[in-house]
Amino acid sequence: MASALTTMGKIRPELPTDFGQMTRVTKYELLNFVRSARFIVLLAITLIISGALASVVAYYRPPAMIGSGFAFYSIWWAPAIAALIALSGTLFGGDAISGEFQSKTGYFLFAHPVRRSSVFLGKMAAAFLASTVIIGVFAVISLGNGWYYTGPPPIQFWESVGFALVYLLGVLGFTFLFSSLFKSAAMSIIVTLVLLLFGFTLIDALVSNLAHVEPWYSITYAGGIITNVLIVPYPPHTVVGGFSPYNASILEGVVILLIYAVLGAVGGYALFRQQDFT
Amino acid sequence: MSDLSIETTQLTKKFGSFTAVNSLTIKVQGTKCVGFLGPNGAGKTTTLKILTAMIHPNAGQAFINGIDVQAHKRQALHPCGVLIETPEIYPALTPREALSYIAELRGIPAGERPDRIRTVLEQVRMTDWIDKRTGKFSKGMKQRVNIAAALLPDPDILLLDEPTTGLDPRGMAEVRSIVVDLKKQKKLIFMSSHLLGEVADICDDVAMIDQGKLLIYDTLERVIEKVGGQGGGVEIDLSVEGSPAVEQKIRSIPGVDHVEHVDTRTYLIRFSGGLPTQERLLSDLVAARIGLVSFKASSGMARLEDAYLNLIKGGL
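Heads up: the sequence lines are chains A and B, in that order.
The first sequence: position 47 = 47 (the working numbering), numbered continuously.
Numbering-wise, the working numbering comes out as the position in the second sequence, counting from 1, plus 1000.
Since the hints were derived computationally from the structure, they do not count as laboratory data.
Keep in mind that the hints are not guaranteed to be accurate.
Claimed, not checked - Okay, derived cross-link-like pairs now, DMTMM-like style, lysine to aspartate or glutamate, Cα gap no bigger than 25 angstroms in a straight line:
| # | chain 1 | residue 1 | chain 2 | residue 2 |
| --- | --- | --- | --- | --- |
| 1 | B | K1186 | B | E1174 |
| 2 | A | K10 | B | E1085 |
| 3 | A | K104 | B | D1131 |
| 4 | A | K10 | B | D1131 |
| 5 | A | K104 | B | D1168 |
One chain only, chain B, in its complex shape:
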């Protein structure tokens, strides 16, 4: 049993004079969820489209489990579930028929199809609409069916391009929960997104690209540590009004880089040193006897946002 893998080597795609993907080399391996981050036009979708043979690269290669996708699409995509953008489903077909179409193309035995289709439609909460024509569905409903289509073959590898696009907040939460469940089933998930919260909540690793170039690929924690700038931030509330003396006490705590008065009793503290500093900071603040009432550490999303902005800014 070998590792699951997605790999690109020197991948380049140009549209006229615009270079969408620029010598992109990345290898993700194992069973985990990798967030593929970047601003609009960074080349995320183009990379995913090359990985699914929907676009031909100008140079370089894309592999899934070591199989060249462009040369051997059928073999390469056989273990994959794919969702690129928000596909339109043939409007005259119902979800049952559309998914049967995919099931037949994928060789899912006739006896297993009905159960498999119902299972994936249950996962995306679309069973009530199973026999209604998709032409009248909202964008969010179509996206749920598209997600069901990606899950239908029980894939080992999932390539998802902004899967929560078009969904309402509940739908987004449901999709995230599906992805978290899939992670537990030992799959390799490669998911592009520009929703940092989504990536911070779900993903183990993060790859960031801008202007078609890979800026960084590492675990979420290491990306935050490496490029998170001031590392982290906490917001504290005091029982008394702040003062220069209080501010001075906070500044004197090791690791604290910046103290900012948010309002009379609230301060924002920036620090470096990652989680160890954050954990020590709480006890140091208590020990400083400044009337600490609450201590709110910045979320993974905020920390990832810092890292993202630092990297993208640096890339510009």
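Isolated chain A, as found in the complex:
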């Protein structure tokens, strides 16, 4: 560890780099998650969903589901993972910034020589890693059941897992933007969760069915690639009838999700940087 001579002629250890401080923020944020009820609750929800699905499939053995790997994962994995990502992204990221103001933990952390960008990115990385653990647990259980009923998974399952992680990035960008916008942790969590679970889906359906406009602005629309990649052949961009007449292509979906991730993070940080600890 490098050291520097201080004003008083004392040897003082040099501060870690910004990236080094970011990794420390991630480490302790993860420790905080693991210790807190929300990680346990989310893990319990994941296990309950998995347990319920496993029981139903084991009891009824629906032929339409266990007939092929594609069918199995598109029914077991895809619908649940989008909701789990929305939940975990919101629970781990929803109050990441707003909580620092509301609960005054920011006074403990920001009184030290650390940049806000290091804290912001460190917290985002922690939320990503914690959510990835949840996604990983569900993916492993899905895979175990899928393997048992249908054999080795199709490559598209792994693609779907990859898209789920990209969707998580988009969700976290969105979540951190709202977390920086509000100073109330509850408000940021509720608004983000409602929008991700119901709001976007409703708006997408209205806009695409009534205005006949492709909901390219929507994160949930883009997140549809997690499911669509498990459908053979991949659904056409426009379909007649149905709840939503549009399907994002894989490239379009990934780009939209990455735009959410980047713009959400940049916008969230810009807001956070300007906020005062009053």
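Chain B: place on chain A using the hints.
What follows is chain B alone, placed relative to chain A:
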């Protein structure tokens, strides 16, 4: 080796139409303890928050050791230990973990961390709680850990915002004793408080602000001399009942401004001229043969209180 310094120039912070800090310019320098006094809402905490980059000023600059805090927070706060208000510690973490977090952020080498953490927790008497989660701590216990966090980097400069808030009388006394010890270690301590006794006991210099404006900054003694009004006061007890003749004798002593009958054998005497007058007053009272039994000089706190009230009153 240069002097330690904390400086603000034309610092202004507005919250809507309310001006919390109004063109505040102050420079404190050297190794000493400076009390930052003012009534509630005077702008003390806002100033400290700007000095630690927790708040952005509308105008002006804040420097620590000549480094602009807003532009270069990491470098500016590197030699500082800071305690602003009563921070909440992440409730799932123990004091050991919370302090390890800060130690890692500050680059304290891994080999030194355990000893350093134990030392600062010993200073605030929290070693028994080192592995208990802070979520269940009382406000006073949290404040002790917060003080430990401020001391952790062995700072050259301490910025403390009402550090005894939330502590019981014993805790307050302990914190004062810690600050007195730190003074001996050649540090610059800038401490806001509205506890005049605390400031009078600990601080070398006093800065007073009201409505965001600096009213005075000088040594404690000079502040008391300059704005202490009637200067000082003593309470005397007599062996006999007081009388107009006794009162007249006291009034005739040079420097005495006001004599007040507290009860039959007790008088309160106000005088001007500071400590020299106070010292002479005792011998003059003895010489006056009025049956003097006891002589109680007003404390530094009472004298500072006079100065404070005079200044704040004048500021209103």
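Problem - Pair hint outcome, K10 of chain A versus E1085 of chain B [Cα-Cα no greater than 25 angstroms] - result: violated, 28 angstroms
Problem - K104 of chain A paired with D1131 of chain B [C-alpha distance capped at 25 angstroms] - result: holds, 22 angstroms
Practice task
Quickly compare the C-alpha distance for K10 of chain A and D1131 of chain B to 25 angstroms and report which way the hint goes.
Solution key: violated, 31 angstroms
Exercise for the section: Could you grab the alpha-carbon distance between K104 of chain A and D1168 of chain B and see if it respects the 25 angstroms cut-off? Expected result: Holds. K104 of chain A to D1168 of chain B sits at ~22 angstroms (cutoff 25 angstroms).
Practice task
Would you check the hint for K1186 of chain B and E1174 of chain B, treating anything up to 25 angstroms between C-alpha atoms as holding?
Solution key: The hint holds at about 19 angstroms.
Hints 2 and 4 from the list above are not met by this structure, while the remaining hints are.
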